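Peer 1: If you want the building blocks of each chain, they are given just below.
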Amino acid sequence: MKLDLSYLKFFSETDRRGSANVSTFQSSDITSVEYNPFTGDRLSMTARVNLGGIRTTLAQIERVDLNGEIFPALQPVYAYRPLGRALVRNAAKKKIEVKLSFFVDNLMDSPTETKPYEIQAGDTLGIPICAVFSDSIRSVRTLSIRNAELTVAARADEADSDDRRQSRMLIHGRNDWNGDMNLLRYFVTPDDSEVIRFTRTYLNHYKVLLDTVPAVLSNFARARVIFNEFAVQLLYVNDPKKSEDFVQYPGETLRLRGGDCDDMSVCYSALLASMGLSTAFIDVVPPDHTEDAHVYLMFDTGISPGDASLLSDNPKRYVIRGNDRGVESVWVPVESTAITKGFEEAWKAGAQEYYNDVEVKLGLIKGWVHVVDLGTVN
Amino acid sequence: MNNEKQPQKKGVHIMNEKGLTPAVCCTLAFLTAGTILRADIKVTAVKGSVYVRHNVQEQWVSVSPGDLLKPDDSMKSGRKSSATVLIDDKTAVIMPEQAIIDMADLRTLTKEELLLKLAMERIRSVPDKSGDDELSIPRTTTIHGSNMDQHAAAGAVDPEMGTMRMKGTEVLFGNGFYETGILKAKELFRLYPDLSSRINDRLMVAKALEALRLKGEAMEEYIQLGKAQLTDEQRTAVTKRLELLKGER
Numbered sequence: 001m002k003l004d005l006s007y008l009k010f011f012s013e014t015d016r017r018g019s020a021n022v023s024t025f026q027s028s029d030i031t032s033v034e035y036n037p038f039t040g041d042r043l044s045m046t047a048r049v050n051l052g053g054i055r056t057t058l059a060q061i062e063r064v065d066l067n068g069e070i071f072p073a074l075q076p077v078y079a080y081r082p083l084g085r086a087l088v089r090n091a092a093k094k095k096i097e098v099k100l101s102f103f104v105d106n107l108m109d110s111p112t113e114t115k116p117y118e119i120q121a122g123d124t125l126g127i128p129i130c131a132v133f134s135d136s137i138r139s140v141r142t143l144s145i146r147n148a149e150l151t152v153a154a155r156a157d158e159a160d161s162d163d164r165r166q167s168r169m170l171i172h173g174r175n176d177w178n179g180d181m182n183l184l185r186y187f188v189t190p191d192d193s194e195v196i197r198f199t200r201t202y203l204n205h206y207k208v209l210l211d212t213v214p215a216v217l218s219n220f221a222r223a224r225v226i227f228n229e230f231a232v233q234l235l236y237v238n239d240p241k242k243s244e245d246f247v248q249y250p251g252e253t254l255r256l257r258g259g260d261c262d263d264m265s266v267c268y269s270a271l272l273a274s275m276g277l278s279t280a281f282i283d284v285v286p287p288d289h290t291e292d293a294h295v296y297l298m299f300d301t302g303i304s305p306g307d308a309s310l311l312s313d314n315p316k317r318y319v320i321r322g323n324d325r326g327v328e329s330v331w332v333p334v335e336s337t338a339i340t341k342g343f344e345e346a347w348k349a350g351a352q353e354y355y356n357d358v359e360v361k362l363g364l365i366k367g368w369v370h371v372v373d374l375g376t377v378n
Numbered sequence: 001m002n003n004e005k006q007p008q009k010k011g012v013h014i015m016n017e018k019g020l021t022p023a024v025c026c027t028l029a030f031l032t033a034g035t036i037l038r039a040d041i042k043v044t045a046v047k048g049s050v051y052v053r054h055n056v057q058e059q060w061v062s063v064s065p066g067d068l069l070k071p072d073d074s075m076k077s078g079r080k081s082s083a084t085v086l087i088d089d090k091t092a093v094i095m096p097e098q099a100i101i102d103m104a105d106l107r108t109l110t111k112e113e114l115l116l117k118l119a120m121e122r123i124r125s126v127p128d129k130s131g132d133d134e135l136s137i138p139r140t141t142t143i144h145g146s147n148m149d150q151h152a153a154a155g156a157v158d159p160e161m162g163t164m165r166m167k168g169t170e171v172l173f174g175n176g177f178y179e180t181g182i183l184k185a186k187e188l189f190r191l192y193p194d195l196s197s198r199i200n201d202r203l204m205v206a207k208a209l210e211a212l213r214l215k216g217e218a219m220e221e222y223i224q225l226g227k228a229q230l231t232d233e234q235r236t237a238v239t240k241r242l243e244l245l246k247g248e249r
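These protein sequence lines map, in sequence, to chains A and B. Final position of the first sequence in the numbering used here is 378; the numbers increase by one with none missing. Final position of the second sequence in the numbering used here is 249; the numbers increase by one with none missing.
Simulated from the structure, these hints should not be mistaken for laboratory data. Predicted, not measured: the structure shown is a model, and the values here were computed from it. Check each hint, because a few of them may be wrong.
Derived DEER-like restraints, expressed as beta-carbon distance ranges [said to hold, decoys possible]: (1) A/ASP211 with B/GLN229: 41 to 49 Å; (2) B/GLN229 with A/GLY342: 31 to 39 Å; (3) A/ALA92 with B/GLU220: 52 to 60 Å.
Below, a list of computed lysine to aspartate or glutamate pairs in the DMTMM-like style, where the Cα atoms sit at most 25 Å apart [unchecked claim]: (4) B/LYS42 with A/GLU328; (5) B/LYS167 with A/GLU345; (6) B/LYS42 with A/GLU353; (7) B/LYS227 with A/GLU359; (8) B/LYS186 with A/GLU345; (9) B/LYS70 with A/GLU328; (10) B/LYS111 with A/GLU359; (11) B/LYS70 with A/GLU359.
All C-beta atoms in this analysis are idealised placements derived from N, C-alpha and C, irrespective of residue type, glycine included.
Model the full assembly from the supplied sequences, consistent with the hints where possible.
Peer 2: Below is the structure:
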């Protein structure tokens, strides 16, 4: 039971005994019926009685297993791929339906809620946790620690949760990368305004030249033009530390006018993607010399295998492979670190590496060469 | 020319380009024993016009007896020309006229390596339907409609090159390099569709698969051959081989 007592006292000079002469009343400016110069002092008392019983906890979070490291570049991934799971126990004597919420203050606009999960009486269930981070996570510059809050609720009609837990998470800087080649693709941002500006500027600049190229070779010609401009303006910085944990976004590489092997591959890939060309990373980790791990790329010229000799008389200069439309076409490997030598040399170097690693040494089937597709147009 | 010895690579773990299941990869990788990549390829005799093309270069240059070739080199013989190469000072391979051979193919692969390569050939054109959690990179450019010029250069493939490369493949089969011969022939059938009508070459692939005791794959080849236009003699041969293989299963 809850009791409230209040007294309202007005200190104005108006007669508040409930009576006044007519002339005073008429000359006063009354704007509110409830509160005006003639409202009397008030004493009020409120009593509230809760007739409900004791609130029982239906679900309990027994354990939280979170992937302790969050990489901002993977922001879209975390919305679909669980970053951990919580073990939730049904503490009731009947089947319950629970929802789990995950929230990191400042990095999320609102808690990310799971779908409802049924748990039988006395059972425990591991519930995967996904997170929709806001764009503010991409502003995190350096490694930081944040608290993540998990709540579980078994009652759909109540705002109160049944149980809550806190867990600490390491939030990496926006340029940090975990070394997983499959995730490098998330640094490829073809929609970046600097990327679009770069490709549009030089496609326009070379429009007359490109218009003379047969349509079948147009993708190849555009890729060559962009690479050569890329080569003139950017500098490859050999990274002695082989740091595979820091990657520049394409806009940064263009602004800084340089980068290491990962940065160059990511940037050129984004430039090609912004023109609608499909690309793939070729990740090489030689088994005997893992310190020579390396990444370069290849792009889809859209040329059918039957027309491959239009590009080169030497089949070792290209790769015939399918894209995600199920169509085989000619792909051209490019060693983006050979940037200073221009497109022809970068193409030769990429083709040579691919032939040696994949065809001669069979690296692809032996598992030390990976090809990571970045998707296709349409 | 120097020739570097290629170290044998042991299959450790398998990460395929796309489509192979991890289970298949692991099983096959476990079975993988290693590739015998010929180390020394020496030209011992040349008659007429014989050329070599180094790695990814475009130009063909004349080859002479005594030259050492690398695994990433290719050799081409002109009309009424031939050459002999000696592999590891043991195996002599005679290259007939008008043939092209990639030196990397003068080697034997393990059965498992062959199966993995064949599996990759099969999945090469399979669309990559990633899981729902795989996001594709957004594109700023979307192309609609069909490219009216896409067939403008049809027929650009030089059929003579295809024929010469297929002749080189016959040399591989003739010298027992069945695995690389099968892979090369299949690649050429894809690249030069007209070559698929060369029934004898397709029969050669099927026989090579039989020789490697890959009965299922051989049967598949014979079944596909049965659907092609065959002479009576060829059809009889295909039917006979199929029945024999079925009996052995």
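Peer 1: Honestly, which of those hints from before does the structure not fit?
Peer 2: 2, 4, 5, 7, 8, 9
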